[in-house]
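Participant: Taking the hints into account, I'd like the entire structure generated from these sequences.
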Amino acid sequence: MKSFVLACVAAVAIATVAGFALNSVQKPADQAFSTTGVRL
Amino acid sequence: MARMKFLCDADRCIECNACVTACKNEHEVPWGINRRRVVTINDGKPGERSISMACMHCTDAPCAAVCPVNCFYTTADAVVLHSKDLCIGCGYCFYACPFGAPQYPKVGNFGSRGKMDKCTFCAGGPEADSTAEEYEKYGTNRLAAGKLPLCAEMCSTKSLLAGDGEIIAQIFKERVTKRGYSSGAWGWQTAYRETIAS
Amino acid sequence: MAGFLAQARFIIAAFVVALILALAVPAGAQQPSTVNPNAAAVKEQQLLNALQGGTIGGRVSIPDQKSGTLIQPGGRDWRQFHEVTLRWIGAIAILGMLVLLVVFYLVRGQVKLESGYSGRRIVRFNGFERFVHWMTATCFIILAVSGLNITFGKPLLMPLIGEPAFAGWSQWAKYAHNYLSFPFAIGVFIIFLVWIGGNIPNKVDVEWTKRGGGIVGHDHPPAYRFNAGQKMIYWIVVIGGTAVAITGYLLMFPFYGTGIQGMQLAQTVHAIIAVLFVAAMLGHIYIGTIGMEGAFEAMGEGTVDVNWAKEHHALWLAQENARTGPNESQRQPMATPAE
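The listed protein sequences correspond, in order, to chains A, B and C.
With the numbering used here applied, the first sequence corresponds to residues 741 to 780, in that order.
With the numbering used here applied, the second sequence corresponds to residues 24 to 221, in that order.
With the numbering used here applied, the third sequence corresponds to residues 7 to 345, in that order.
Don't read these hints as lab results, they were simulated from the structure.
Note that the structure is predicted; figures quoted are calculated from it, not measured.
Any given hint could be a false lead.
Said to hold, decoys possible - Here are the computed lysine-lysine pairs in the DSS-like style, where the Cα-Cα straight-line distance is at most 25 Å: (1) C/72 <-> B/107; (2) B/160 <-> C/216; (3) B/138 <-> C/209; (4) A/767 <-> B/47; (5) C/72 <-> A/767.
Facilitator: Set out below in C-alpha cells:
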C-alpha cells in the first residue's frame, strides 16, 4: 500500500515539475513569431 | 438561402496584402495569429501567382469532423464557425484542414495550444450578434449587419470575392470568358467539390 | 592625323553596325504577340494530381513559415483515419479483448493455487520495483482514459453529458494526459532497466508456451522469475511505451521537428499503438487480479506464497532458495520486506 501511495505522490510531483518547466519554456505565438520589426 | 464562399482570382491578385491588413485591423487579431495570408507560388518565375488564403468554409468541413469536443458548427449561410468556450486547444483541426486555417495562440501543445482562432467570414461566433463579448472573442460580425467580409471589400483588384457561391462563381466565369484565360478557382475543388472555369 | 582618321572611321563603322542591329532586331519583336500570360501557370487540379499526398506551398511574408503551405490534401486522409479507421481498430481491439477475457474466465475459470496456501512467504518484488510499477500503472490508467476520450468521447460520452460538460472534462483530461506522460515515460524507462535481466527470452519460454503456460489446460510448466507471458507484457510495455512516448512528445511539440505530414503520422502511430497497448494491458490486469489466485499479492505487497512460487515459477524459487537459503517468514500482512 505504501508503495502505491508513494507512486501516486511521485507521479503528481513529477507532473507538476514538468508542468512548471514546460510552461516557462513554451512561448505564446506572438513572442515566438516576433521579429525585429515588431513591437509587442 | 445563400451559400457563402470565398474565391481568390489568382490571375488578379497582386500580393498587396490589403485583405490581410483589413482582417487584422477589423478584428484586432493578435500578432502571431494569421487568419488570412497571401501565398505566392513560383515567386519570381514565369507563371507567378499569388493567392489570398483563409478558411474556405468547406462543405463537410474536415476541422469539424475531427474536433474531439465538437466545437464547430455551420450556420444557415454555410459559414463554418466554432466556439472558443468548448475548444480545448488540441490542434487536431489544423492537421485536418487542407488550407491551414486554424491558428493557435501557443506554439507548444503542452496542456493546450490555447483557443483556436480562424477566419469567421466576418460572422462572429456563438455569442449574441454584435455584442462586446462576441467581438472580444471572434471579432466583428459584419454578416449580421448585412455586410460582406472586409477582406474582399478591401481587395484592391477585386481578385478576392466573398459572398453567395452562385453569384461569385458567375462573376468569375464572366471574367474568365472576357479575358480568355484562368488558373481556376483555387481551393474550390478541395473545399466545395466543384471546379469553375478551369 | 592618320590615327585620328582611323579612330573616327572605326567609331563610325561601329555606330553603323549598331544602327543596323538596332533596326533589324525589333522588326521581329514587333510582330503581333501570341504570348499567353497563363501558359506557365498551373491549375489546382494539375498540382493536386502531381502531388499525391504532398503539399503545395509558396512564399509568404509571415514569420510563421507554416503559413506558406497553400494546400495540404493529406489532411483528408488523416481525417478519414481518425474518424473512421482508428475507431474501428480501437473498438475491435479493446472490445475484442474484453470479450475474450470474459469468455476465458467463464471457460477456464481462475487459475487456482492447487496445493493451497502453505503460509510461508517469499519476497517477489521489492519496494522500489513495486513503486515504479504502480507509478507507471496509475499513470497508464489515466493516460488511457484521457486518450480514449479524444477518440471515443465524442460519440460515446458527449451525448450523455452534453457539449459544455464534455468540453470541460476533456480540457482537464488533456491536461492530465500531457502532465502524466512524464512520470509514465520515466516509469517505463526504469522498468526497462530494472527488469531487463529477467525478460530475455530463452528455451524455457518455448517449453512453457508449448505446455499451455498453465492457463491453457492445468499444467504447471516451470519458469524463472518471469514466464513467457510476462516477458511478452514486458516488451509490449517497453517498446509500446517508448513508441507512444516519442510520438506523444512529437505531438506535444508540434512542428518542432516535423512538418504537417510528420504530425499526422505521429498522431496515427500514437493512436494505433495506444489502443493496442490498452487491449494488451487489459489482459495483464485480468491475469494479475481475478485471473490467477495468489498473483496480485506479488505486486500488491511484495511477497507470494511459497506454494504459488512452486506451482508457477519453480525455477525462480529454486534460484532464490539457493541464493539466500530458504527465504521464509510467517505471512505478516503489515510488514513488507525491503520497503
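Participant: Next step is simple, just say for each hint if it's right about the structure.
Facilitator: Verification of the hints:
1. C/72 <-> B/107: holds (23 Å)
2. B/160 <-> C/216: violated (64 Å)
3. B/138 <-> C/209: Violated, at roughly 56 Å.
4. A/767 <-> B/47: Holds, because 21 Å separates the two Cα atoms, which is no more than 25 Å.
5. C/72 <-> A/767: holds (17 Å)
Violated hints for the displayed structure, listed by number in ascending order: 2, 3.
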